[in-house]
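The primary structure of each chain is shown beneath.
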Amino acid sequence: MELATQLIAYGILMGLVFALIALGLSLIFGVMNIVNFAHGEFMMVGMYVAFIISSYFHLDPLISLPFAAAIGYLLGVVSYHFLIHHILRGPMVAQLFGTFGLMLFLRYLAMFIFTPDVRSIKQGILVGKTLSIGWLTIDVSKGVSGGLCLLSFALVYWIIHRTKLGRALRATSIDAEAARYMGIDTKKMNALAWGIGGATVALAGALLAHYYYITPTIGMLFTIIAFATVALGGFGSIVGAFLAGLMIGLIMVLSGQYVSELKFTFIYILYFLVVVFRPRGLFGW
Amino acid sequence: MRQVLKDIFSFEDRPRFERIGFVVFILIILVFPWMVHSAYGRVVMIKFLLFALFGLGWNLIGGYGGQVDLGQAKNVGFGAYATALMMFWWNTPFWVTVPIGMIVAAAESFGVAYPMFRLKGHYFAIATLCVALVWKELFVFWDWTGGARGVELTIRPTPDFTYMQFGSPIYYHYFIFLLFITQLLFMNWFRKSKLGYELQAVRDNEDAAASLGINVYRTKVITYTITGGLGAVGGSFMTVYYLYIDPDFVMPLDLSILIAMTVMVGGAGSLWGPIIGAAILIPLDMYLGAWLGAGKRLGIDFMVYAVIMMVIAAREPRGIWGIIERLRKKG
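Chains Y and Z supply the protein sequences, listed in that same order.
According to our numbering, the first sequence is numbered sequentially starting from 1.
According to our numbering, the second sequence is numbered sequentially starting from 1.
Fair warning: there could be bad hints in the mix.
To be verified - Mimicking SDA-like on lysine to any residue, the simulated pairs with C-alpha atoms at most 25 Å apart in a straight line are:
| hint | chain 1 | residue 1 | chain 2 | residue 2 |
| --- | --- | --- | --- | --- |
| 1 | Y | Lys129 | Y | Thr115 |
| 2 | Y | Lys263 | Z | Pro317 |
| 3 | Z | Lys120 | Y | Leu136 |
| 4 | Z | Lys120 | Y | Lys122 |
| 5 | Z | Lys329 | Z | Arg42 |
| 6 | Z | Lys120 | Y | Leu250 |
| 7 | Y | Lys263 | Z | Phe11 |
| 8 | Y | Lys263 | Z | Val43 |
| 9 | Y | Lys129 | Y | Phe112 |
| 10 | Y | Lys263 | Y | Leu246 |
| 11 | Y | Lys263 | Z | Pro252 |
| 12 | Z | Lys47 | Z | Ile181 |
| 13 | Y | Lys187 | Z | Gly121 |
| 14 | Z | Lys120 | Y | Met220 |
| 15 | Y | Lys263 | Z | Leu253 |
| 16 | Z | Lys329 | Z | Arg16 |
| 17 | Y | Lys187 | Z | Trp144 |
Treat the hints as calculated values from the structure; they're not laboratory data.
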């Protein structure tokens with residue numbers, strides 16, 4: 001019973017991180033119908049930002065959060081202007097390979113700068129501490145990461161659903177042409193979607209770096225997890241991404257406990273089954 | 001029968017400069033081992049032919065079919081493991097293991113194609129990727145296949161045509177060349193076959209193809225099955241050439257990407273595209289890797305790849321063959 005509660009708690013905390021990672025992918029897909037293969041690599045960049053702040057500047061990795069978000073935002077906007085904008089009109093194959101190229105570029109750039117070594121963050125206010133509530137023992141880093149991810153998710157949700165900017169973004173996502181007639185600068189909206197996507201996923205990366213190992217090749221795994229999450233929640237649906245993130249977190253932690261070698265296999269199979277048998281996702285309409 | 005033979009061996013419908021180029025290319029490959037004595041050069045050549053072979057196979061579904069498959073490495077893995085495991089456990093001759101590997105890969109492809117072609121575009125691409133990753137993880141997990149350590153074959157001292165093991169790379173050069181030519185001739189037949197035309201119609205416009213009475217779903221499934229079988233041949237070759245395989249070597253995601261990329265760069269959906277792509281990317285990889293990648297800082301070669309890939313995606317999605325075609329139409 002204790003173990004089960006513990007696992008569920010970890011699953012939910014992990015799921016909150018996945019939800020934030022999937023948010024950007026879902027947003028980008030919703031606004032311009034393009035899938036970003038480099039999404040996990042944006043997250044990897046966030047992780048390395050935290051790593052640099054922690055081991056080169058000897059500051060607390062928590063300080064890296066705003067930097068990670070800012071760099072992620074910039075990365076998203078720059079990628080949009082220099083690459084995505086040019087491949088949007090092309091055939092789907094070109095779109096796929098364009099973002100795939102971006103993924104490879106970031107991955108091997110990281111490998112060039114940081115070498116393929118596996119790193120982790122060893123110092124920080126949150127790192128390595130645990131907190132006991134009753135018989136539940138939680139790593140502080142996981143708890144705080146989960147909480148901050150929830151907060152960021154809520155913030156983005158608020159921006160999209162309660163502000164004028166968010167309304168313009170949603171209008172672009174529903175019908176880009178009509179939005180253009182209404183005077184919305186859709187190119188700017190696309191760039192904004194990429195910026196928000198990059199910022200949120202890099203932030204998630206910086207938080208995840210507090211307790212997860214860091215390598216240049218880690219992105220692919222999280223890209224696929226994010227795809228699975230978004231597919232499960234329904235492409236383009238933000239609330240769906242949130243609920244699906246929690247589910248994926250639970251599945252991964254629970255399966256990791258019992259068959260640890262195959263814990264990612266379940267995610268891949270889940271993606272496959274969902275897109276084949278229920279392409280709208282569990283919460284799609 | 002005569003028509004079939006003509007379809008296989010005739011390149012008459014191609015313009016003259018292509019035919020001349022092709023003959024020159026064949027001659028270069030035939031004399032290559034006698035002209036180039038550098039061991040590294042020969043290794044690069046064999047790897048080029050191997051990836052041209054992979055590219056030709058992938059071009060079927062990815063080029064002529066227009067379906068982006070990012071899981072071809074699983075078929076390579078099936079071929080490689082079929083040969084390696086059967087030789088390792090039962091000492092089966094190479095020539096028996098190749099068709100079995102092809103059948104296994106084709107059967108698996110057929111099995112997954114059935115649900116998978118309900119998907120299109122991005123969904124399909126990611127699904128192929130997931131399937132390939134699942135297989136790789138299962139091979140790592142499974143003891144009988146050697147797990148993550150892989151399979152190592154014993155080296156036979158004398159040249160042996162039953163097990164296709166030779167000390168000298170010259171044998172391998174001509175062997176892979178033979179496989180390559182066979183597959184090229186198959187592709188030459190395929191592009192003129194009924195299935196080939198149907199497939200191209202499906203790629204260009206699914207709805208129009210369906211309205212002409214083409215069974216879109218069936219066409220895709222059959223093509224995907226054939227592609228699977230073709231991928232396994234190169235895998236079997238890898239086993240006897242390297243004599244050591246493990247899941248990270250024969251079925252990683254990078255291999256799937258590289259195969260798809262050679263075709264994309266060269267020109268998807270054209271007969272020569274995969275060859276051109278492999279001729280550019282493989283030497284680039286080998287020499288750039290040897291020149292810059294010495295030591296711990298890997299990855300420059302892949303960064304160059306990535307830039308090529310992005311530029312091609314943004315500027316000329318039809319690849320280098322597209323550029324050649326455009327220049328020719330102008331001139």
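Cross-check of the supplied hints:
1. A threshold of 25 Å between alpha carbons decides the hint, and for Lys129/Y with Thr115/Y the separation of about 29 Å lies outside it, so the pair is violated.
2. As the CA atoms of Lys263/Y and Pro317/Z are separated by approximately 37 Å, the hinted pair breaks the 25 Å bound.
3. For the hint pairing Lys120/Z with Leu136/Y, the CA-to-CA distance comes to about 45 Å; that exceeds 25 Å, so the pair is violated.
4. For the suggested pair Lys120/Z and Lys122/Y, the alpha carbons sit about 44 Å apart, so the restraint of at most 25 Å is broken.
5. Only pairs whose Cα atoms come within 25 Å are accepted, and Lys329/Z paired with Arg42/Z is rejected, the gap being roughly 36 Å.
6. Restraint check for Lys120/Z and Leu250/Y: the C-alpha separation of about 29 Å exceeds 25 Å, so the hint is violated.
7. With a C-alpha separation of about 51 Å, the suggested pair Lys263/Y and Phe11/Z falls outside the 25 Å cut-off, and the hint is violated.
8. With a C-alpha separation of about 38 Å, the suggested pair Lys263/Y and Val43/Z falls outside the 25 Å cut-off, and the hint is violated.
9. At most 25 Å may separate the alpha-carbon atoms for a hinted pair to count; Lys129/Y and Phe112/Y exceed this at roughly 33 Å.
10. Among the hinted pairs, Lys263/Y with Leu246/Y is consistent with the structure: their alpha-carbon atoms are about 16 Å apart, no more than 25 Å.
11. Restraint check for Lys263/Y and Pro252/Z: satisfied, since their Cα atoms lie roughly 18 Å apart, inside the 25 Å limit.
12. For the proposed pair Lys47/Z and Ile181/Z, the alpha carbon gap of about 15 Å is at most 25 Å, so the pair holds.
13. Restraint check: the Cα-Cα separation between Lys187/Y and Gly121/Z comes to about 23 Å, which is no more than 25 Å; the hinted pair holds.
14. Taking the CA atoms of Lys120/Z and Met220/Y, the gap is about 21 Å. The hint holds against a cut of 25 Å.
15. For a cut-off of 25 Å, the pair hint linking Lys263/Y to Leu253/Z stands: about 18 Å separates their Cα positions.
16. For the given pair, Lys329/Z sits about 14 Å from Arg16/Z by alpha-carbon distance, which is consistent with the 25 Å threshold.
17. With a C-alpha separation of about 54 Å, the suggested pairing of Lys187/Y with Trp144/Z is violated against the 25 Å cut-off.
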